[in-house]
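Engineer: Line by line, the protein sequences are chains A and B. Using my numbering, you'd call the opening residue of the first sequence number -12 and step up by one each time. Using my numbering, you'd call the opening residue of the second sequence number 3 and step up by one each time.
One thing to keep in mind: the hints can contain errors.
What the hints assert, rightly or not - With a Cα cut of at most 30 Å, we get these calculated BS3-like pairs of lysine-lysine: (1) B/Lys16 - A/Lys95; (2) B/Lys51 - B/Lys4; (3) A/Lys88 - B/Lys96; (4) A/Lys2 - A/Lys19; (5) A/Lys95 - A/Lys108; (6) B/Lys128 - B/Lys16; (7) B/Lys246 - A/Lys88; (8) B/Lys359 - A/Lys40.
Treat the hints as calculated values from the structure; they're not laboratory data.
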Amino acid sequence: MLNIQNFLKTYNNHKILEIENLQIPEGIHWFKGINGSGKSTLFRSIAGIIPFKGNILFNNTDCRKEVVAYRLLVNLSEAEPLYPDYLSGYDLLSFMAEAKKARDGQLKKLADSLGVSQYWKSPIGTYSSGMQKKISLLSAFLGSPKLIMLDEPLITIDDRSVQIVYELVKDYYEKQGVSFLLSSHQDFRFERLAIKNIYLVQNQTVTQQ
Amino acid sequence: MKSLIRILNLTIIKEYYRQNAVFIFAVMMFAFGFLRAVEHITIIKHALKYPSILGFFFLAWALHGLKVTLFTLRLLESKQNEFLYHARLFPPLKRFCAFCLLQLSLIQLTFLYSLAMIKFGIEEGKLLEIGYIIGFNVVLIVVGALIYEYRIQRPNAEQVRSKPIQKLFAQFRTPPYLFFVRYLFSKQPVLLLLTKLFCCLILLGICNLYPTDDYDERLLALGGLFVAAGHTVFCQQYFIFENKFMLITKNLPLSDSQRLVHYLLAYFLLLLPEIIVLARNLPDTVSYLFIVFLMLFVLSMIFLNHHVQYINNISHDAFMQRLFFTGILFLVLIMFKIPVILMALINFSIAAFVFKKHYFLSDFNP
């Protein structure tokens, strides 16, 4: 499914992460690591939003060479999203839904289930961190992705929303065959999700546990 | 008090000068590039003689004061600077003095010019005018400090000002090409106003100068070049805006042409005031087709300037040098009567090439 080869990410000549070869099969996978270990950097690289050296392919679709096709398949929800505070959540999500070619009604359905539609017409500047996080989580489920990365999906959101996220992950995996990469330094509830592999992000590389 | 001044210096003053380096550079180029020292002295002497001219100076200083005050308020509103509200724990007098120093540091651009005016005022024996100048600077500093004091006592931004315009916008869906335009209206209103004012005045001046002598369309093209240069700061703001708030768009399955069209539409909308000014003041002998070509040339210059921001590892100094020499190159091309539409097409092509090559490789190092 996901193939990472000769991956190297540096910031100002300081090595953050180096992966010689990593093959991730289909399924739900958990990336563990302490703060600053490089989980978010890895997810952002796989999403194609930050530059890196090496190759990342999803089902043989190259992150750099097939820009549009790759991004239709791979979605990301960031750990600590930062959006323009003068826009509304609806502005942003409508744009993302259109770009991701979301089905009619998908956005509204997801917004209703996560409770986002109650506040999404207000400017983002009025949102709490949990409300912003839900905008980010929702955006990752838009379109018809085959891989969804949720970076620290459980932080800042309330218990009810945590349950809904679990249900969405389970539903997308079981009914649509969508794979997930989840990052967290907290333990997930294994009984709720069929975690296939656990990967440890430490010492500037990724190893399977 | 030293610690408070130090933290204000690091968080606000340095940030202001870092973010506004291009603005200050443009003002310096405009003020000292066009006008020689002897002309400045003449203007200052006239200002000291005629209160109406002095009033224009005060108006410009007040606008600049407003710009720096709004910038500081914006930084105070940002989440990463919330710790600055601890300033309230300092004694009121010390805090007020620190805010006065903060404001004085931010208005250096106009303050230093006022010192030159005071020098000539002393030579001319214009004591009353000197008093006005000193008094106005004191007002600028004290009013700024009072506004910061008022703000620091109210940590919750919503208590201070409601945002009716933003609430109105929230009723409608904003198309993506307006995201950055709204960013300028919301976060950089003074920058937007001053840039538009600067560019429109240049075009107005050139359109009025055109019929006074045997000029040809090259004069208008030079005006277009200055207008494009004036938008450099917008290009830099766009790059910062994208990387800070909209990085996720790089994960969206948009084609290169869709992304390029978004940028083109955003900059085209920002150029509307200049298009209107040019259309309304066009000299009789110049065709409307030339306006179209000229605005395409301006748009292409801005477009190119926008996309070179994606090239990694170019320091600010190196960027400014390249910008300057590119400006000289285009000036020479204009003087050699190279058609503006040809230059526009070349600029668009280079911009698209740079985008294709560097967009997904660009790194943001604030």
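Engineer: Would you mind marking each hint as holding or not holding in the structure?
Structural biologist: For each hint, the structure was consulted:
1. B/Lys16 - A/Lys95: At roughly 45 Å apart (the allowed maximum being 30 Å), A/Lys95 and B/Lys16 break the hint.
2. B/Lys51 - B/Lys4: Since the Cα atoms of B/Lys51 and B/Lys4 sit roughly 41 Å apart, the hinted pair is violated (cutoff 30 Å).
3. A/Lys88 - B/Lys96: At roughly 57 Å apart (the allowed maximum being 30 Å), B/Lys96 and A/Lys88 break the hint.
4. A/Lys2 - A/Lys19: holds, 19 Å
5. A/Lys95 - A/Lys108: With Cα atoms ~12 Å apart, A/Lys95 and A/Lys108 stay inside 30 Å; holds.
6. B/Lys128 - B/Lys16: violated, 36 Å
7. B/Lys246 - A/Lys88: holds, 25 Å
8. B/Lys359 - A/Lys40: holds, 15 Å
Of the numbered hints listed earlier, those contradicted by the structure are 1, 2, 3 and 6.
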